[in-house]
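Please build the complete structure, drawing on both the sequences and the hints.
Residue numbers (the working numbering), protein chains in the order written: chain X, 1 to 114; chain C, 115 to 226.
If you're looking for bench data, these hints aren't it; they were derived computationally from the structure.
Small disclaimer: the values here were computed from a predicted structure and weren't measured.
Each residue gets a CB set at the ideal place from its N, CA and C atoms; glycine is no exception.
Errors might be hidden in some of the hints.
Okay, the calculated bits of chain X under chain C, using three or more residues with CB under 8 angstroms as the criterion [said to hold, decoys possible]: (1) 39-52; (2) 102-114.
Below, computed lysine to aspartate or glutamate pairings styled on DMTMM-like, alpha-carbon distance capped at 20 angstroms [as the list claims (entries may be wrong)]: (3) K9(X) / E122(C); (4) K182(C) / D168(C); (5) K36(X) / D168(C); (6) K41(X) / D168(C); (7) K40(X) / D168(C).
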Amino acid sequence: DTAVSQTPKYLVTQMGNDKSIKCEQNLGHDTMYWYKQDSKKFLKIMFSYNNKELIINETVPNRFSPKSPDKAHLNLHINSLELGDSAVYFCASSQDTQADYGYTFGSGTRLTVV
Amino acid sequence: GDSVTQMEGPVTLSEEAFLTINCTYTATGYPSLFWYVQYPGEGLQLLLKATKADDKGSNKGFEATYRKETTSFHLEKGSVQVSDSAVYFCALSDRGYSTLTFGKGTMLLVSP
Numbered sequence: 001d002t003a004v005s006q007t008p009k010y011l012v013t014q015m016g017n018d019k020s021i022k023c024e025q026n027l028g029h030d031t032m033y034w035y036k037q038d039s040k041k042f043l044k045i046m047f048s049y050n051n052k053e054l055i056i057n058e059t060v061p062n063r064f065s066p067k068s069p070d071k072a073h074l075n076l077h078i079n080s081l082e083l084g085d086s087a088v089y090f091c092a093s094s095q096d097t098q099a100d101y102g103y104t105f106g107s108g109t110r111l112t113v114v
Numbered sequence: 115g116d117s118v119t120q121m122e123g124p125v126t127l128s129e130e131a132f133l134t135i136n137c138t139y140t141a142t143g144y145p146s147l148f149w150y151v152q153y154p155g156e157g158l159q160l161l162l163k164a165t166k167a168d169d170k171g172s173n174k175g176f177e178a179t180y181r182k183e184t185t186s187f188h189l190e191k192g193s194v195q196v197s198d199s200a201v202y203f204c205a206l207s208d209r210g211y212s213t214l215t216f217g218k219g220t221m222l223l224v225s226p
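This is the structure:
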């Protein structure tokens, strides 16, 4: 039973399209995150939600819009995709707003924009 | 702001060799420290953690000790296996702040 699941695992799309990535966790965690991993493996926080409320929004283009319908789900919608959006996007969750216990990560969504 | 610095890779070792991956940090408070591992094509998995100075985290033969005086959290393993080949990330969580700050990752390649 997967703890943090993301769909799709791979996404290939053309520039200018709009796409969504879905994330669900069954751990009962209160906080969820989106991270972007670039081609050099560097991980950067994008968003954080706690109980459906946005608590962290790093410097991310407003083409990226997270949505949390309930505390078990955090989806990422991307408008007008650009080549530079190509990356692996990871969803993660943690027990509360402090990351002292660490995160549980999903297996990632590899987005390729052509 | 908070930051984590890891040694650059790749680190290339033969099976049964001793492993050290260096990690140092900068934080305003007293952070918790973590090592995560990412196997090819997978997400990150928590390997070990330490929440206060002099704590030692350990798991699967890997160890790291929280050294406040040197602001370090070096990862060690006495005898690596081919299956340990992966990217290793050092990370910190500052008190009262919910996100993890990651280092840039260190790739480990172990040959038979």
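Query raised in the report: Of the numbered hints stated previously, which ones are contradicted by the structure, given in increasing order?
Result: Hints 3, 5, 6, 7 are the ones this structure does not satisfy, whereas the remaining hints hold.
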